[in-house]
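K.L.:
In case you want the letters, here they are:
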Amino acid sequence: MKPPRFVYHDPTSVAEAVDLLNRLDNALLLAGGQSLMPMLNFRVAAPDHLIDLNNIAALSYIDMQDKGRSRFGAMTRQRDLELSADVARTFPILQEALCHIGHRQTRNRGTFGGSLCHLDPSAELVNMTVLHDGLLQTANRSASRTIAASQWVQGVMTSALEPGELLTGIELTAWPTGHGFAFEEFARRHGDFALAMVGCLIVMGAAGTIERAALCVSGLGPGPVRLAAAERLLVGQKPSHQAFRAAAVEAEALDAIDDAYVKATYRKHLARVLTYRSLQRAVAGAARRAA
Amino acid sequence: MIDTRKIKLTVNGRACEREVETRMTLADFLRHELDLTGTHVGCEHGVCGVCTVLINDISVRACLMLAVQAHGKAITTVEGLANPDGTLNGLQQAFREHHALQCGFCTPGMLTTLTEFLAHNSDPSEAEIRLAISGNICRCTGYQSIVAATLHAAKALREGKS
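Chains as they are written, first to last, in the working numbering: chain A, 276 to 566; chain B, 75 to 236.
Hints listed in this document are in silico derivations from the structure and should not be mistaken for laboratory results.
Computed from a predicted model, the values in this text were never measured in an experiment.
Do not rely on the hints blindly, as some may be mistaken.
Below, a list of computed lysine-lysine pairs in the DSBU-like style, where the Cα atoms sit at most 30 Å apart [claimed, not checked]:
#: 1; chain 1: B; residue 1: K82; chain 2: A; residue 2: K277
#: 2; chain 1: B; residue 1: K147; chain 2: A; residue 2: K277
#: 3; chain 1: B; residue 1: K80; chain 2: B; residue 2: K147
#: 4; chain 1: B; residue 1: K80; chain 2: A; residue 2: K277
Isolated chain A (complex conformation) (with noise of 0.2 Å):
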């Protein structure tokens, strides 16, 4: 099918967009259109008025000056994400992680942002946000506040966004160079949408036990969720087979959703089951890098 009827608005800055979103009604936002144009061709979307955000240069940047936490226009491309060496050397999952996104063709004109603001219960962008305890940006007439990726899920495809207010960067941190870092996901295809996924990094300490982790799993329910005690339950342990399964437990303990799919129990099975291996493969990585 074709695009409903609606008047196209192309702001050239942040001020004005947020403008055009607080003045006209039924307005939406489209980012780089990989999921809103679909919405849009199958009229399941029908804004009265589109506001493109693609012509706010102010929104696509990729600023790692500050070594410990990363800045991110909500415009930049997932392609520029991938394709960047800074990017790459600071932030290595975030690579794996983005493989996964769609195709080429799509990755080229998909945004950081708006992975973010559509939040897809799939979306890896905004598991490796939550992940990295990211820190999201907004900008509305009045004032800009600072949201925690933690809070961002408000529900299914439902962020903490208010009305008339605009996503503008999201802040990561950076882990130590040499942490160990593994990316896990099933999907029916590549390039789906994954049934689920597991982000986790760790760190290393000298004595040969796990420093730090962080274990992020998405696709049972309408977010991302920190596996928080398994998290903790991991710290100053030797890597083995107990502690690996028994954060992999806490992860198949999930709520999960049910669709005509794929069943609940479906998705937890393979929550643990990633949970695990994305554990294996970023402790070997962390200690392979301290040798």
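Fit chain B to the supplied structure of chain A, relying on the hints for placement.
P.N.:
Positioned in the frame of chain A, the structure of chain B alone reads:
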């Protein structure tokens, strides 16, 4: 109310200017306004890959872009891939020699996708080629010949034969 915009862009090296409805996709614009029907339309939601075109040498789904968004850009469609004298370019010739098309419906998307891919990877492995065309569906399932043609084209390009 019908919302329209005047857009100026370059398509296959030729400048053009049109007044378009803002809701028109780039794929429909190329096919219906410019009569460049080489760009096919399949699923219209970005899955099948047949509408893939190059915008400033970067591959995109023309069904997931509005024509107005192409304002000021340089577009290459399958019609723009051949050599200036009209003969098939190296990749096209390899497709022909390896029987890399059966019904031909997926071919425009395969060629545009692989054009971008080969520009960045002149010595690809078979696995890399398969990954590169993972977003292009061939319902005749002729992937084997498409991969063979691409390997051959890459080799010919490296040896400066095309």
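K.L.:
Work down the list of hints and note, for each, if the structure agrees.
P.N.:
Consistency of the hints with the structure:
1. B/K82 to A/K277: Status holds; Cα separation ~22 Å.
2. B/K147 to A/K277: holds, 23 Å
3. B/K80 to B/K147: Holds - the C-alpha atoms of B/K147 and B/K80 are around 14 Å apart, at most 30 Å.
4. B/K80 to A/K277: OK: B/K80 and A/K277 at ~20 Å, within 30 Å.
In this structure, none of the earlier numbered hints is contradicted; all agree with it.
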